[in-house]
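K.L.:
Letter by letter, the chains look like this.
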Amino acid sequence: MRVIKPTGTPLTFTFDGVQYRGVEGDTLASALLANGVKLVGRSFKYHRPRGIVTAGSEEPNALVTIGTGPSQEPNVRATTVQLFNGLEARSQNAWPSLKRDAMAVNDLAAPFLSAGFYYKTFMWPKAFWEKLYEPIIRRAAGLGALSGEANSDTYEKAFAHCDVLVIGAGPAGLMAALTAGRAGADVIVADEDAVMGGRLLAETFDVDGQAGADWAADAVAELAAMPNVRLMPRTTVTGAYDQGTFGALEEVSRHVPRSDAPRECFWRITAKRSILCAGALERPIAFPNNDRPGIMMASAVRAYLNRWGVAPGKAVTIFANNDDAHRTAVDLMDAGVKVAGVIDSRADVAALGDYPLYTSGAVIGTKGRHALDSITITHAGGTRELRTDCLAMSGGWNPTVHLTCHMNGRPQWDDAIQSFVPVEGAIPGMVVAGAANGQMSTAACLQSGAQAACAVATELGLSPVADVPSAEDDPYRIEPLWQVDGKGRKWIDFQNDVHVKDIKLSAQENFRSVEHMKRYTTQGMATDQGKSSNVVALAVLADATGRGIPETGTTTFRPPYVPVSIAAMGAGSQGHGFAPKRLTTSHHASVARGAPMIEAGLWYRPSYFPHPGEATWLESCNREVGYVRNAVGVCDVSTLGKIDIQGPDAAAFLDFVYCNTFSTLKENRVRYGLMLREDGHVMDDGTTARLGADHYVMTTTTAAAGQVMTHLDWVSQALRPDLDVRFASVTEQWAQFAVAGPQARELLNSVLDDAVDGDAWPFMSCGPVSIGGVKGRLFRISFSGEHAYELAVPSRYGASLFRLLTAQAEALGGGAYGMEALNVLRIEKGFITHAEIHGRVTAFDIGFDRMVSQKKDCVGNAASRRPGLLEAERPQLVGLKAVDPKDKITAGAHLFVEGADPVSANDQGYVSSVCWSPTLGSHIGLGFVADGPNRMGEHIVAVDHVRGVRTLVEVCHPVQFDPEGERTRG
Amino acid sequence: MRLPCPICGERDRREFYYQGDAVALDRPARDAGGAAWDDYLHNRDNPAGETRDLWHHAAGCGAWIVVTRDTVTHAVSGAKLVGAKR
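Chains A and B, in that order, are what the protein sequence lines are.
One gets my numbering by counting positions in the first sequence from 1 and adding 84 to each.
One gets my numbering by counting positions in the second sequence from 1 and adding 230 to each.
Okay, chain B solo, but in the shape it has when bound (with noise of 0.2 Å):
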């Protein structure tokens, strides 16, 4: 597996450590109740298709990305940092 790096370009998947979903950048205020923050913590889809990852280029420059690919096919259509305007 080969994801794109947006710094290094394709690497290796072994360069990468896998974050989950990346549902975690869309962190909830600190009042935003139990319910938010519990969806943002613990509670998320399992999508036959196309999945938003975060994966961190450990062994290569350090940047978070959002990899964008699809679970059934294995197909990664792109990826980006994590600080792009999403």
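Same shape as in the complex, but just chain A (with noise of 0.2 Å):
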């Protein structure tokens, strides 16, 4: 109920289908609340009825799903929700409704269903686990379910760079930023919080004489007026990396409406230094059925009191083991509320206003069905029941060390405030100042704030000057108390239904160590992490090992520090970002003649060209061919890498990289190139061009045009220094098209300013050509048999070329051809792609043994020579061709003799590449099989187990059609 007048806009919001009230400012959370609303949730397992724990990110209990359709989300913490008009929020893990829930019915099975109960449990029959349990148990243990539908949603990612990150904007935070920011520092402040100031906010200090609230409105906006601060608010920092790089998480309109603006934005922000001012959280107390709605921590209820104006309760109950008890029942007082009982576990505690005081004192019992109705309690003065409707818990702080472990670091334990505290240094450049550090009084925090901001900005070379603000600089007396004995379940993780008699049960059954326990019963698991109970959860275990608290140690933090989206994570990477595409310049004339684009890497090359009347690709393909081998065909190629390689050690360098020689290559001819790996196999192949006496230009496959690039990177810096050479990728920068056919001649002087003839032009020749005045490059090149050129020009005249080449094609009876049709031509000519330099052949292997030139030095050299590699046995490369013309071979069909069992220990090779031949009016192949070049004419089984398919293949040789090439040459 809203005690203090609001001042914000009033606003609307559903939960549940009910329609409520609340103002501008308020969190879901606090909305609720104040609409007295205590139920909003089922617990994870047993589906006990569950409410508001606290107000901030660490919330176990108080998930709920915002939105509806595909932009529904599941599992947001109500507190860190900013109301906004029309808010749409739903319960979850509950039904048919929140408060009839039919499967709280698993609360009373819960003897049945202690920790690790699913193990033991469900173990056989065996199969019954994916068919059965585990649906089962999915379904009755949830948290939010996603919508199923694509997120419409846009998500961004950016990067920042600063020289001091201060994360955090409580008090140590705003005073570490002021500090850094008036030395002139280029500052970024994040916060996960929608208004800076932290507990400032929350609690009823005042510093340097005004309200805390105001003197944080201050600080931030003389820091929102400092040019070299830049403030990030509901900027989550999510995790430390190396180098100073930190992720942080900013949502950028969840709290709107309606927005244009993406959701949420992931930040990579890196820092020179980093000040982390992450401040404290609360934990609880495992006393019995401490889970009832009403029961929250203390800090909570002077947060929703002081920074909301709502009391969670009429007679409000506290129990705690330090002062902040009293601070709460203060603060309650101060605005009207009854406080019907301070609880201190501490004998020697006074009362600082006039309300009930219960030393030595501890809650036993807790009584309510949807809601808390009353406590029962032990103190010095005997035992009683008190009425209330709220009862706020405090089992002290624990500094929020999670960044500090993110690499690798282990907090270690500070008896004098009983909770773990970050170790120096654990992150480079990280400074930890303020209750983060362990520093609990707002003096201290606004102190540790300023030494900490003058440390990093001395170092960066500025010359900062502390001015801190007087504060409260009260002791933080703290006596250890963790759970407290009775009757009934004692609850340490609330989201996670894990309690007291759990962790007993896991050290009973020799999970001792802390990561065992953690896995045993899931304690600081999901959305919270354990963030208020994974301290308790320690002590716990401690206490029933025998062991200390640090000896027992803690379970390992990893980013992120609050639930990242994986769409955040990913945002700009979805569909075409994924993958961009990379179109040629025959792009759209191909699409728009109808042709299917296939992947090729990042590229799209057209599949075939269909034509009316035709039913199926291979109509098509077989068409094509009949194009090359007839007549003359069109083909874009422009996606072969190209690169350009100059220098007058330019041949020496090519003599390095291919194993092969191209120093002895004239100039205006064209070489085939076979590239190894240094470990011998082959790593490309491709034409390479002499275009002048320094001057080449290399062609590679479209698959390995990035990775040879990056090898010649690798080959002239690091291996051969010595060479001058430079070279540049020109795959873009030109379009290249074959022109493969007995016409192919006849339609380039159709096209061409000075016509070719074949004395000028022989086969591998090259040369510098001009098409209607545009300067151009033709290779006379073949990867079809045919009499064939690649015709070259600048990329901007590729899409008109195109046109003219194919018009000119089919004025002469052929016409464009696709990779379909590509991908015949080549296998009818024994012509290999990477389905055959896979990476796992060496030029043995494809019968180019000698072409390695053992005259010169050249990567992969040594190794290609090495035992093993050169051995009969090893498959090689053979054409295959089936023995009844109509029998289909499919690629990836191992090869048998015939009558072998066809396993593993017969496999004599297998096949690469499969197609049907027009040409040849068979099904052929290409394959590997061991000894392939002394089988020819063997019969042999071709098996393919995947597809069921047996065929009877012939070895042959792997040109099957023009074997002497006179088609190429003539």
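Hints in this document: simulated from the structure, not taken from any laboratory.
Glycine included, C-beta positions come from ideal geometry on N, C-alpha and C.
Incorrect hints may appear among the rest.
Just a few of them, taken from the derived set where beta-carbon distance is under 10 Å, the chain A residues facing chain B [to be verified]:
#1 Q327
#2 T354
#3 L686
#4 G764
#5 Q801
Two chains, each in its own frame: build the complex with the hints.
P.N.:
Structure representation (structure tokens):
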């Protein structure tokens, strides 16, 4: 209920379909509490009624689903959702309704559902786990659900750099930012809250004689006015990484009803120095039935009261082991809220006001079905029951050390505050200040924030001045209290339904290490990662195993500090952001002709060009093969890598990267080259043309273009820095088209300014040409076995040249051909692609052993001679021909001697490429067979276990069409 | 993670392609024999501590660099071009 009249604009929202009113500045949690809504969810495992426990991102219970349709977002913490007009929120893990949840029966079965129950219970029969048990458990135990629709929201990622990153904007963070900012440092201040100020917004402390919240507002205003300071509210730093890199999640537009802005932005912030002022989180006490709606952290009660003017109850009780109990009581009474009793576990304490104080006290039981009604306490004077609808608890504070542990740091135990504090230097360049470092008073926070900023600013060569305002400096008095004996379950991890007995059971079953206990009980998992509960669990485990807390240690803190949606982390990488499209200059013309485009790396290439009346791709393919074999075909080959290589040592460089020799290549001539990896296996192949004495242009396969470029960089910089050579990728700069077929020259001469003839342009020649005045390059090379050329022009002329060439080809009875036909043409000729040179074959395996020149060194030369790489038993390249031409051969089939059992022990090799050859009227293929060159004519069985196909094939020479190459040279 | 490219300055590791141990710079002679080539190609130490790794500034200047870093602390102590005197 609202006890202080709000000043913000009124807003309406719904929770489980019921409309409520809130005000601007509310969180969903504060608005629900203001409306008296206490039951907000059902627990994960036992479906127990649960309410709001905290006022921050550590919230374990109040998980809701917001939005509907594709943008439905599950498992959102109500404590971090800023209220906006029309917000729709729904409870989770309850059916048919939150109040009447059918699965609440689980709670009655609790004795059978102890920690590890599913490891023991659902053991057999084995097949039942996947089919029966897991689906049932998943349905029963759960959080919210996704819509199942593609998310229509946008997300963003961004990078930022600064001198000093201040993480957290409470008293320490604001003071650090002011000190560093005033000194002139480039500062980023990131805070998870919408409003900066941290606990100053939730407490009634004064700073410098004014209300803490007002001081914070002034500090934020001063920072906002500094050009060297960037304030990032609603931004949670989620992880600390190497070399001063931080991940941070910004809620950009999640807090507004409708927006074109991205919902969230994932930042990567690089900072020369960082100051961690993440504060501390209050921890619960494990007393019997401490999970009823209405039982909250004392710090949250003060936050709702002081920041939002909301009293979470009418008669509040407080149970604590430290002075926060009394602060809470005083704040409540000042606001006119009844304090029904303060139960302090310590013996020697005095009340700070007129409220009933029970010393040496403990809560030993609670009552209330859907919300708290009453508690039973013991104290110095005996046992009694107190009527209360809100119990504020405080077991003390845990410094938020998470980020300091992201690079393997382990926090150390500090007896004085009964918690873990960061170890200095755990993150290079990071200083920890304020409560995150165990400084518990406001004055100490301000002081340490200023000090930290002075230290880092001085390191950055600035001259900072510490100007620290005055504030309360009360000592933090605490006596350890982790659990209270009594009848009933004493909950520790509210989110995962882990209670004291579960942890004891874990220890009893010898899961004594803290990491084992975590896995056994699920303590500290899911969205809150045990932010408030982990230290209590450690203390209980320490007790159960007879060790101290420091020896028990903590589990490993890993990023992210708060849940980060995959959508935010992967922003920009969905759809075509994941794999950008590379389009050739003929792309639109190909699409206009109805060609299905297939992916080749990032490129898109036409599969075939369908004609009216053709029912299958094969009909189109056969026709296109016919173009090239009988007339002339045109194909865009621009996707092949093209590397321009120049310099006095260009020839020597090529001799070193190719296994064969290029220094002997004459100018205006082209040579096929084979490139090895240093381990002697084939990396790539292609043709390289010598355009001048010191000028070559290399082509690579489409697939390996990037790899070859990287390799050339490596060879040039690392292995042969002595060679004077420079090279650049020109793949995008040149559009290149194959013109292949008996009428290739006729077609060319119809478009070239100067005709070519056979004498001046023999096979494997190249040179400059002119097409309508445009300077191009012509290469007489062939990947089809026909009389063929490749014509290259600057890319801007590619589209028009493709149109011109295809029109001329059609006039000659030919036309454009696609990848399918290109593949058939090359298989008929035994030309290899990466289906053959797939990374595990050597030059020897493809029959090119003699290409590896022994007159010179080259990459891969030494290793290619290693024992085992030149053995006849190695599978070597052969052609394959179906014995019955109509029998299909499948790629990937393995080869077996006729009559042999088709098992791996009898494996003779495999099929790498297959096609229907319209030229030869047969199914043919390429493959690798042990001792292949000596098995020509042998019949062998291709067995494809995956597709269930067996084909009798004949082993033959890889070149099945025109083995003498007369058509190419003619 | 950030790496100091000698040409471009400190850059995010996403700009770099990782290759492996800088032993790849010590290429044996063609006739050095099988053992030397096996060591060069395949055998690598896996130290807890200082390593010299090869990185290619693929999304940057294209330089191949040798980065000296510590596999335990992740501290990067320096980087130089592979062609620099070693």
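K.L.:
Could you run down the list of hints and mark each one as holding or not?
P.N.:
The hints, checked one at a time:
1. Taken as an interface hint, A/Q327 checks out: its beta carbon lies about 4 Å from the nearest beta carbon of chain B, inside 10 Å.
2. Annotation: interface hint on A/T354 holds; nearest CB of chain B at approximately 7 Å, less than 10 Å.
3. The restraint placing A/L686 at the interface with chain B is violated, with a minimum CB-CB distance near 15 Å, outside the 10 Å limit.
4. Look at A/G764: its Cβ gets to within about 9 Å of chain B, closer than 10 Å, so that hint holds up.
5. Restraint check, A/Q801 versus chain B: the minimum CB separation of about 5 Å is within 10 Å; hint holds.
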